[in-house]
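Visitor: One-letter residues, chain by chain:
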Amino acid sequence: MRARLKWFSLAAIALVFAGLYVRALETPPAARFVAPRAAAPAASPKPLVRPQLLPNSSTLSVHSATAVELSGGRLRAFWYGGTREGASDVAIYTSVYSPTGETWEPERALVSREFAQRHLQRSLRKLGNPVAGRDGAGRIWLFFVSVSVGGWAGSAINAMVSTDEGETWSPPRRLISSPFLNISTLVRGPLVQLSDGTLALPVYHEFLGKFGELLRVDAEGRVIGKTRLSWGKSSLQPVIVPRSETDAVAFMRYAGDPPARILMIRTRDAGAHWSEPVKTALPNPNAAVASVLLADGPLLLAFNNAEEDRESLSLALSSDFGNSWRVARNLEGESLLPRAPVNEYSYPWMMQDRAGNVHVLYTWGRARIKHVVFNRAWLEGGG
Amino acid sequence: MLANTLFGLLGCGLLCVALAATALRFHVFPARVRTALMAAVLVAVLIPIGDLSIAGTVRGATGDLSATTLALAVSAVFARLSGRTMFERREMNALLWLVACAALFLYPFALGWTAFDPYALGYGSAAFVTALLLATLAAWRMGLKLVVLVVLAGGLAYLGGLYESRNLWDYLIDPLAAAYALAVLLWAGGGKLVSQRRQRAPVV
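Sequence order for the protein chains is A and B. Residues 646 to 1028, numbered by this note's numbering, are exactly what the first sequence covers, in order. Residues 4 to 207, numbered by this note's numbering, are exactly what the second sequence covers, in order.
A couple of the hints might just be wrong.
Partial chain B-side listing against chain A, Cβ under 8 Å, derived [unchecked claim]:
{"id": "1", "residue": "Thr60"}
{"id": "2", "residue": "Arg62"}
{"id": "3", "residue": "Gly115"}
{"id": "4", "residue": "Asp120"}
{"id": "5", "residue": "Gly192"}
Among the chain A residues that face chain B by a calculated CB cut under 10 Å, a handful are [to be verified]:
{"id": "6", "residue": "Lys651"}
{"id": "7", "residue": "Leu655"}
{"id": "8", "residue": "Leu670"}
{"id": "9", "residue": "Thr672"}
{"id": "10", "residue": "Leu765"}
{"id": "11", "residue": "Val806"}
{"id": "12", "residue": "Ser823"}
{"id": "13", "residue": "Leu938"}
{"id": "14", "residue": "Arg999"}
Beta-carbon label-pair distances, calculated as ranges [stated by the list, open to error]:
{"id": "15", "chain 1": "A", "residue 1": "Arg729", "chain 2": "B", "residue 2": "Leu5", "range": "29 to 39 Å"}
{"id": "16", "chain 1": "B", "residue 1": "Arg35", "chain 2": "A", "residue 2": "Thr728", "range": "47 to 57 Å"}
{"id": "17", "chain 1": "A", "residue 1": "Ala657", "chain 2": "B", "residue 2": "Ile52", "range": "38 to 48 Å"}
{"id": "18", "chain 1": "A", "residue 1": "Ala657", "chain 2": "B", "residue 2": "Met89", "range": "12 to 22 Å"}
{"id": "19", "chain 1": "A", "residue 1": "Glu759", "chain 2": "B", "residue 2": "Gly146", "range": "45 to 55 Å"}
{"id": "20", "chain 1": "B", "residue 1": "Leu9", "chain 2": "A", "residue 2": "Asp954", "range": "27 to 37 Å"}
{"id": "21", "chain 1": "A", "residue 1": "Glu810", "chain 2": "B", "residue 2": "Ile52", "range": "33 to 43 Å"}
{"id": "22", "chain 1": "A", "residue 1": "Leu650", "chain 2": "B", "residue 2": "Ser128", "range": "24 to 34 Å"}
{"id": "23", "chain 1": "B", "residue 1": "Arg87", "chain 2": "A", "residue 2": "Phe653", "range": "16 to 26 Å"}
{"id": "24", "chain 1": "B", "residue 1": "Gly163", "chain 2": "A", "residue 2": "Thr728", "range": "38 to 48 Å"}
{"id": "25", "chain 1": "A", "residue 1": "Ala1022", "chain 2": "B", "residue 2": "Trp116", "range": "40 to 50 Å"}
{"id": "26", "chain 1": "A", "residue 1": "Glu810", "chain 2": "B", "residue 2": "Met89", "range": "47 to 57 Å"}
{"id": "27", "chain 1": "A", "residue 1": "Asp734", "chain 2": "B", "residue 2": "Val197", "range": "51 to 61 Å"}
{"id": "28", "chain 1": "A", "residue 1": "Ala754", "chain 2": "B", "residue 2": "Ser128", "range": "40 to 50 Å"}
Simulated from the structure, these hints should not be mistaken for laboratory data. Every residue, glycine too, gets a C-beta built ideally from N, C-alpha and C.
Make the full structure from the sequences, and use the hints.
Guide: And the structure:
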């Protein structure tokens, strides 16, 4: 009897491991970045800049805006808001911008803590950063941070998907990205489409270490692979900007010793390997940055132009894909501009629409989300 | 409700039963009462209070439980129900040693200690599967049935996609099993050290 059981268990080992080998061989091979779309039509030669505050008045505190372009040049933005950052009443809000009227719709709460808790079937204390983007099939994905225990170091990521431009959404599902109780993974940077239909989602960790990773997410919203972007205790919130199917640059917030500078890494094999982080010439007061490759070549970066505070927000251009920079415009921090009651302008999100205009959304004084749309003529005219 | 949500909640429910049975000393009651108490605890932790059950609250903190933790929980429940141990001490020790070694390999690197990330191997690495196969065959050869059982259960659950994770590591170990293994082994090692010192001490 015992001998029979022993041989039976050996057969079970053979069967299970055959399955594990098949699964390992079925793992999708490395995919390439989806190259940036063809150049947008020439934008108006007349300088255009339109700043406005979103009508997000239902919450005292807001932060961390993100957006996707809809049909007809509209934008759908998301952000989190509540009585304060980390409060249990924080929810993810959404609103739509119409370029014809140049107005934002009234906001609506899309994901509350209770809603997420009910669908995820696990306790949640608070919600955090959302990140929106499209996959190759045109669906809109919304990733957002939630915390069950502790502070932001206890974060995990959840995902929802919409097939009707953000009107209705799937229930949220949990992404598993860390073996340590699945804590300490957050999102902030835009997702990148890959050639096989999967998504590359830049994330970062804040528990013990501070470092960036690139998650590979399949069409069902499951993590099927990951690559480390950095390691240690000083780099977070990666923002990845591909310029071809294989080449990309990424910028990261810096949380280490002075001098405080924006970090930069590069890949030449579609994200399979990344260079060591190097400090750029641009300052970073331990704050998020945003970047986009403009349709006709230069790289644009939105950043807090100081080492100590978030009281200024500037735009810098690079014509050599990140090696050198010149500050083109200041969105906040100049003496003539109206100041927010709380003098902080942070967490920029930036994108170029199909018409060639650039949109920046950012936290304005922790109380409002500000939207600035501008064209190349305005950007280049800043001296 | 998704199958992996249900499975995750049942796993956390089982952990709650094991903890309650151990902490509340169920073994002092007659067998039928013990069984009834455990069934009652399982039902109580799985029934939603508002939107969420107690198992859901536990799941918020622990995530889905690995095959190792579930095996340890089943073993604890069996011991409290029957008054007998389910696995030989030698088999349990072997599992705890393996879990402790795997945890020391996995967690420091996965938490960003270096550029190397062993957790990424769990998404489908033939090298990782081969290392696991060799360890499992060694355990089979040595008659360590519990280790073999845990690997097979974890492997089957992974192939069946029972958890939210697509990473094989999550099916095999988790921090609860790692903490338990390290605590038991350190406690046992400390106890041995103390008794050795006592034996060496001169008789006065």
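Visitor: Could you work out which earlier hints the structure fails to respect and list their numbers in ascending sequence?
Guide: Result: hints 5, 11, 13, 14 and 20 break, sorted rising.
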